[in-house]
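There are 4 protein chains.
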Amino acid sequence: MNDLTARVRAFAEERDWQQFHTPKNLAMALAGEAGELLAEFQWLTPEQADAVMDDPEAGARVRAEIGDVMIYLTRLADVLGINLAEAALSKLDEVAIRYPVEQARGSAAKR
Amino acid sequence: MNDLTARVRAFAEERDWQQFHTPKNLAMALAGEAGELLAEFQWLTPEQADAVMDDPEAGARVRAEIGDVMIYLTRLADVLGINLAEAALSKLDEVAIRYPVEQARGSAAKR
Amino acid sequence: MNDLTARVRAFAEERDWQQFHTPKNLAMALAGEAGELLAEFQWLTPEQADAVMDDPEAGARVRAEIGDVMIYLTRLADVLGINLAEAALSKLDEVAIRYPVEQARGSAAKR
Amino acid sequence: MNDLTARVRAFAEERDWQQFHTPKNLAMALAGEAGELLAEFQWLTPEQADAVMDDPEAGARVRAEIGDVMIYLTRLADVLGINLAEAALSKLDEVAIRYPVEQARGSAAKR
Numbered sequence: 001m002n003d004l005t006a007r008v009r010a011f012a013e014e015r016d017w018q019q020f021h022t023p024k025n026l027a028m029a030l031a032g033e034a035g036e037l038l039a040e041f042q043w044l045t046p047e048q049a050d051a052v053m054d055d056p057e058a059g060a061r062v063r064a065e066i067g068d069v070m071i072y073l074t075r076l077a078d079v080l081g082i083n084l085a086e087a088a089l090s091k092l093d094e095v096a097i098r099y100p101v102e103q104a105r106g107s108a109a110k111r
Numbered sequence: 001m002n003d004l005t006a007r008v009r010a011f012a013e014e015r016d017w018q019q020f021h022t023p024k025n026l027a028m029a030l031a032g033e034a035g036e037l038l039a040e041f042q043w044l045t046p047e048q049a050d051a052v053m054d055d056p057e058a059g060a061r062v063r064a065e066i067g068d069v070m071i072y073l074t075r076l077a078d079v080l081g082i083n084l085a086e087a088a089l090s091k092l093d094e095v096a097i098r099y100p101v102e103q104a105r106g107s108a109a110k111r
Numbered sequence: 001m002n003d004l005t006a007r008v009r010a011f012a013e014e015r016d017w018q019q020f021h022t023p024k025n026l027a028m029a030l031a032g033e034a035g036e037l038l039a040e041f042q043w044l045t046p047e048q049a050d051a052v053m054d055d056p057e058a059g060a061r062v063r064a065e066i067g068d069v070m071i072y073l074t075r076l077a078d079v080l081g082i083n084l085a086e087a088a089l090s091k092l093d094e095v096a097i098r099y100p101v102e103q104a105r106g107s108a109a110k111r
Numbered sequence: 001m002n003d004l005t006a007r008v009r010a011f012a013e014e015r016d017w018q019q020f021h022t023p024k025n026l027a028m029a030l031a032g033e034a035g036e037l038l039a040e041f042q043w044l045t046p047e048q049a050d051a052v053m054d055d056p057e058a059g060a061r062v063r064a065e066i067g068d069v070m071i072y073l074t075r076l077a078d079v080l081g082i083n084l085a086e087a088a089l090s091k092l093d094e095v096a097i098r099y100p101v102e103q104a105r106g107s108a109a110k111r
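Chains as they are written, first to last, in my numbering: chain V, 1 to 111; chain G, 1 to 111; chain Y, 1 to 111; chain W, 1 to 111.
No lab work stands behind these hints, which were simulated from the structure alone. A quick note: this is a predicted structure, and the numbers were derived from the prediction, not measured. Certain hints may be false.
[Said to hold, decoys possible] No farther apart than 20 Å at their CA atoms in a straight line, the calculated lysine to aspartate or glutamate pairs in the DMTMM-like style are these:
id, chain 1, residue 1, chain 2, residue 2
1, G, K110, V, E13
2, G, K91, V, D3
3, Y, K91, W, E57
4, Y, K110, Y, D93
5, V, K91, G, E14
[To be verified] Ranges of calculated distance between the beta carbons of each label pair, as one might list FRET restraints:
id, chain 1, residue 1, chain 2, residue 2, range
6, Y, A96, V, D50, 39 to 47 Å
7, W, R61, V, V101, 49 to 57 Å
8, V, M53, G, V95, 16 to 24 Å
9, W, E86, Y, D50, 17 to 25 Å
10, W, A108, Y, A10, 37 to 45 Å
11, W, P56, G, P100, 52 to 60 Å
12, W, N2, V, A10, 46 to 54 Å
13, Y, G81, W, N83, 19 to 27 Å
14, W, R61, G, D16, 22 to 30 Å
15, W, E86, V, A85, 42 to 50 Å
16, Y, G81, V, K110, 18 to 26 Å
17, V, A85, W, A60, 35 to 43 Å
18, W, Q48, Y, N2, 38 to 46 Å
19, G, Q18, W, G106, 30 to 38 Å
[To be verified] Stretches of chain G that chain W covers, calculated by requiring three or more beta carbons in the stretch to come under 8 Å of a beta carbon on chain W:
id, region
20, 26-32
21, 41-52
All residues carry an ideal CB built from backbone N, CA and C; glycine is no exception.
Here chain V stands alone, though its shape is the one from the complex (with noise of 0.2 Å):
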């Protein structure tokens, strides 16, 4: 178990939050927090999205808004017993081989 996972499993011991720690909830959160992720985006252009980092502003809550996303997808790894890294990199082996690279390349196309 990784620091981060085991920072975030204390914090919710600590508040005694299991009980609403549910996968189910935790599915819902991420989903949420993901939605605030993308309120940050929805008016700029591709342009100024590019460069929101260097908005002080913006860029903090934005990178607040990728904690938080984080904070859920980790807990909710945890409760499932899912290793998130492990998860990751199984899944980007699979897509590997849906697009391979000389069929895939500078092409969006879906298969």
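Chain V is already provided as a structure; the job is to place chains G, Y and W on it using the hints.
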């Protein structure tokens, strides 16, 4: 830069997908994957959701969706120059101040 | 064009917001508001969620969030030239074929 | 009660799906469908997104996703006893006060 960030970055660069991986697009992809994760839980009772990893098929889908969310979150943080674990830890420190242990114990009330 | 579509369109035009109301941006705003709606329910038990409208404050927030989702959905459909009610009805016809009454009764299984 | 609300309600009742259509589950399904709609736009440039309805296949998918969002939004409002059009109109009145025409013209700044 940790291993997963490097792996995801290489995956995108090999396919010349940097052009698609703008902050705005990646925030959308992240929220879309969070939505697919929701879909795994939406019709389950809380009890069924708690036991989802006991079902090999549903468990594999949940693990894959969590992997997808982590891939896009890692990629978005990389593109924005944000350290994912640090962003989560500093957000956790901030939330710890807003929800002191004594007052937050056992309560989901927002502050 | 129904009344709500006209009202939302006039609202945007009076403020010269057509420039922000692109399909991509509106899809993001819609998902962001759907995320805020989720947040109203995420820590509630199923029983508490069922009774949410009995609480004047939470009920008003839920109603406002549903209003927000409807505003952006209406605006997105208008910008794309889609009739919202017709799109829903034709999708319902399609789903009715995929989930025949006899086979779907009482089951949430995906088809 | 308008026609769409009645149709969606009958659809659910014929299949004995009221047991799944709790406010919490429907809010999840709504957000999940909003996520699928996002996925239609996430890799498109703003120009490609603006022209999405000119592509018969992508246009049909977008229309179907918008139909799905509208179905769940209609159903959620029905289950909660909320009139969808009224909720949108009263929210629009509220937002009109927060963003007066003269001050909001041409600006996406949050208030």
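Right, here's what the structure says about each hint:
1. G:K110 to V:E13: Holds, at roughly 17 Å.
2. G:K91 to V:D3: Roughly 15 Å separates the two Cα atoms, so the pair holds.
3. Y:K91 to W:E57: holds, 15 Å
4. Y:K110 to Y:D93: holds, 17 Å
5. V:K91 to G:E14: The given pair, whose Cα atoms are some 17 Å apart, holds under the 20 Å limit.
6. Y:A96 to V:D50: 39 to 47 Å: Holds - the Cβ-Cβ distance for A96 of chain Y and D50 of chain V, about 45 Å, lies within 39 to 47 Å.
7. W:R61 to V:V101: 49 to 57 Å: Violated, since R61 of chain W and V101 of chain V (Cβ atoms, about 27 Å apart) do not stay within the stated range.
8. V:M53 to G:V95: 16 to 24 Å: holds, 22 Å
9. W:E86 to Y:D50: 17 to 25 Å: holds, 22 Å
10. W:A108 to Y:A10: 37 to 45 Å: 18 Å Cβ-Cβ, so the 37 to 45 Å window is violated.
11. W:P56 to G:P100: 52 to 60 Å: holds, 57 Å
12. W:N2 to V:A10: 46 to 54 Å: holds, 51 Å
13. Y:G81 to W:N83: 19 to 27 Å: holds, 26 Å
14. W:R61 to G:D16: 22 to 30 Å: holds, 25 Å
15. W:E86 to V:A85: 42 to 50 Å: Since the Cβ atoms of E86 of chain W and A85 of chain V sit about 48 Å apart, the hinted range of 42 to 50 Å holds.
16. Y:G81 to V:K110: 18 to 26 Å: holds, 24 Å
17. V:A85 to W:A60: 35 to 43 Å: holds, 38 Å
18. W:Q48 to Y:N2: 38 to 46 Å: At roughly 29 Å between Cβ atoms, N2 of chain Y and Q48 of chain W fall outside 38 to 46 Å, so the hint is violated.
19. G:Q18 to W:G106: 30 to 38 Å: Between Q18 of chain G and G106 of chain W, where Cβ atoms are some 32 Å apart, the hint holds.
20. 26-32: holds (count 4)
21. 41-52: This one holds; 3 residues, not fewer than the three required, reach chain W with a Cβ under 8 Å.
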